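One line per chain: the protein sequences are A and B, in this order.
Residues 1 to 302 in our numbering are what the first sequence lists, from first letter to last.
Residues 1 to 281 in our numbering are what the second sequence lists, from first letter to last.
If you are wondering where the hints come from, they were derived from the structure by calculation, not from laboratory data.
Hints are not guaranteed to be accurate.
[To be verified] Simulated coverage check for chain B against chain A, where a stretch passes if three residues somewhere in it have a Cβ under 8 Å from a Cβ of chain A:
(1) 53-67
(2) 74-87
(3) 93-100
(4) 190-201
(5) 226-232
(6) 257-264
(7) 269-277
[As the list claims (entries may be wrong)] Pair by pair, the computed Cβ-Cβ distance ranges are:
(8) A:Arg77 / B:Pro46: 36 to 46 Å
(9) A:Ala200 / B:Pro106: 55 to 65 Å
(10) B:Gly51 / A:Phe23: 56 to 66 Å
(11) A:Arg77 / B:Glu62: 20 to 30 Å
(12) A:Asp160 / B:Leu167: 51 to 61 Å
(13) B:Arg184 / A:Ala193: 39 to 49 Å
(14) A:Leu268 / B:Leu25: 35 to 45 Å
(15) A:Leu151 / B:Gly10: 45 to 55 Å
(16) A:Phe79 / B:Ala241: 33 to 43 Å
(17) A:Ala193 / B:Ala18: 49 to 59 Å
In this text, all values refer to a predicted model and were calculated from it rather than measured experimentally.
For glycine and all other residues, C-beta sits at the position ideal for the given N, C-alpha and C.
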Amino acid sequence: MRPRKSPKVVDAAPFPHRVLPYFLLAPQLAITVLFFVWPAVQALSGAFYQADPFGLSKQFVGLSNFAALFEEHSYLRAFRVTAIYAITSTVLAMGLGLLLAVLTDSLTRARGVYRTLFIWPYAVAPAITGSLWVFMFSPQVGAGAQVLATLGVNWNYILDGNQALLLIIAMTAWQQIAYNFLFFTAGLQAIPASLLEAAALDGAGPVRRFWTIVFPLLAPTSFFLLVMNSVFILFDTFGLINIVTKGGPGESTQTLVYKLYQDGFQNLNLGSAAAQSVVLMALVAGLTIVQFRYIGRKVHYQ
Amino acid sequence: MKSGLLRSAGLRHLVLVAMAVVVALPLYLAVVAASHRPQALLGHFPLLPGGMLLDNLRSVLEKGLPGTIPVWRMLLNSFIMALGITIGKLFISILSAYAVVYFRFPMRMAAFWLIFFTLMMPIEVRFFPTYQVTANLQLLNSYSGLILPLIASATATFLFRQFFMTLPRSLTDAARIDGAGPIRFFLDMVLPLSRTNIAALFVLVFVYGWNQYLWPLLTTTDAGYTTVVMGMQGMINAGAAFALPRWDLIMATALLALLPPVIVVLLMQHWFVKGLTDSDK
């Protein structure tokens, strides 16, 4: 809406060409229709049919695929696992990212060095993160497993579902610290120094300055990161889970995306997989709408 | 006051260094493992790197493990995929943004919102139906199949659009007075001015493309197209199958898989940070 009101946009078009813009848009629109819109339509229509794995017969079943989905114990459990995983990892990653950002904020010379030391995990694929940590905590040879053994922990995440979930939470938080650190650093640098100086003159100590000035002013950044971390953990951690736990033991680390992969590609349950795709699309659409509501508000805030 | 400040700074550095060590620990342990013989990894884990790193890296690069392709081939596949996605995304996004900002035509906003739609459809959500479409188009086991379904991008289009909207109107007025058409204006003015944004997006998209796991896992059954990130599972399975598990070679492969994007991020750190904070906010 805002761009529409801008005088620059309301002005006559810089170039009067009628055909060229369609050629410029054609590549992106072709890819979008072919690999996004068409699949979405396929998923929506496929969700109302029960099909055999080879597509030789299809039978209209209405909402049965969705009803079966929400009556299925393992699907509801996947929702719960995904929620626990997303919330815990997000809180850990945001908390640690904020701590590191606050600690580096007032440094001058060393700030660049610390930034380098903290941002590199962003570039590591979740699947590679999983590979590093699966070795570190391997019950047989892992250095982490040996440390836990000396602490008296009976460590075997391959058999213990709680340990497995704890492990993937720790891995994900480790990976996401970098992202959160970067955004909190940018958010802190945007806070006027004069505000903090005024508070210091009034006798407020650093802890009080943090909670009364810094933390409230970081609220937009925090909310943004809450959404972005949730999206990452909901959707981008498939590789990590496939490498480390494969959704197990049992179903204790089976997320919604992982369950869709198993049902669609390993169990070849096509109707259920299509319905699950629709649910995931609705979920991410909701998150995106929340995100843009926020961005709209932020533009006003700025 | 001064001693208090000094103590506070010291404590700050102490916490920061401790956290940096924690963050670096998985990488360090991978280097230690990749530089020892497999026997040394049994019993108590060594504290220091050994002397086998180069031998192990060479071994997996040239031969891989039984049942896998050589890692050099995996790295090449990953590079082709990441570069294809990067070039594809930047190319179609800058053209789309240019069309939306510099022209008025029917369905302009409809096209814009259709592109926006892709924001709600990451590959991990649409992989099941998109796989079916890709299979129907005969694109499985091909670089096209690895690359094309991942190149539409709302984020990159939005970023370029935002930037184009900040360019002064006088630029286009001057160009038209000089008789330049839209293509000349794009190549001579818009593209050079976009260099910073292109560099920023290049880092983000290259890392995104390199790190893909689920999509190559689904679309390649031909071992020749294995990427190094999706190939890790095969390496772990193959390495674990030895009587004496080859964690030395598995970790050597993990190092080779993570170094290219980490190097790109650290070398282009300035643009990486700018791209991330500009495009995601």
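Consistency of the hints with the structure:
Restraint check on the region 53-67 of chain B versus chain A: 0 residues with Cβ-Cβ distances below 8 Å, three needed, restraint violated. Check result for the region 74-87 of chain B against chain A: violated, 0 residues qualifying (beta carbon to beta carbon below 8 Å, three or more required). Coverage of the region 93-100 of chain B by chain A holds in this model, with 6 residues showing a Cβ closer than 8 Å to a Cβ of that chain against a need of three. Coverage of the region 190-201 of chain B by chain A is violated. Counting CB-CB distances below 8 Å, 0 residues qualify, and the rule asks for three or more.
With 3 residues having a Cβ less than 8 Å from any Cβ of chain A, the region 226-232 of chain B passes the three-residue criterion, so the hint holds. For the region 257-264 of chain B, the proposed coverage by chain A is satisfied: 5 residues have a C-beta within less than 8 Å of a C-beta in that chain, meeting the threshold of three. Counting residues of the region 269-277 of chain B whose beta carbon lies closer than 8 Å to any beta carbon of chain A gives 5, which reaches the threshold of three, so the coverage claim holds. A beta carbon spacing of about 41 Å between Arg77 of chain A and Pro46 of chain B agrees with the range 36 to 46 Å that was offered as a hint.
Range check, Ala200 of chain A to Pro106 of chain B: Cβ separation about 58 Å, and the 55 to 65 Å hint holds. The hinted window of 56 to 66 Å between Gly51 of chain B and Phe23 of chain A holds, with their beta carbons roughly 59 Å apart. For Arg77 of chain A and Glu62 of chain B, the hinted distance range of 20 to 30 Å is not satisfied, since their beta carbons lie about 45 Å from each other. Between Asp160 of chain A and Leu167 of chain B, the C-beta spacing of about 58 Å keeps the proposed range 51 to 61 Å intact.
Hint check: Arg184 of chain B to Ala193 of chain A, Cβ distance near 46 Å, so the stated range 39 to 49 Å holds. Taken as a hint, the range 35 to 45 Å holds for the pair Leu268 of chain A and Leu25 of chain B, whose Cβ atoms sit roughly 41 Å apart. The given range of 45 to 55 Å is broken by Leu151 of chain A and Gly10 of chain B, whose C-beta atoms sit roughly 29 Å from each other. Between Phe79 of chain A and Ala241 of chain B the beta carbon distance is about 35 Å. The supplied range of 33 to 43 Å therefore holds.
One distance hint, 49 to 59 Å for the beta-carbon pair Ala193 of chain A and Ala18 of chain B, is violated here, with the actual separation near 28 Å.
Of the numbered hints listed earlier, those contradicted by the structure are 1, 2, 4, 11, 15 and 17.
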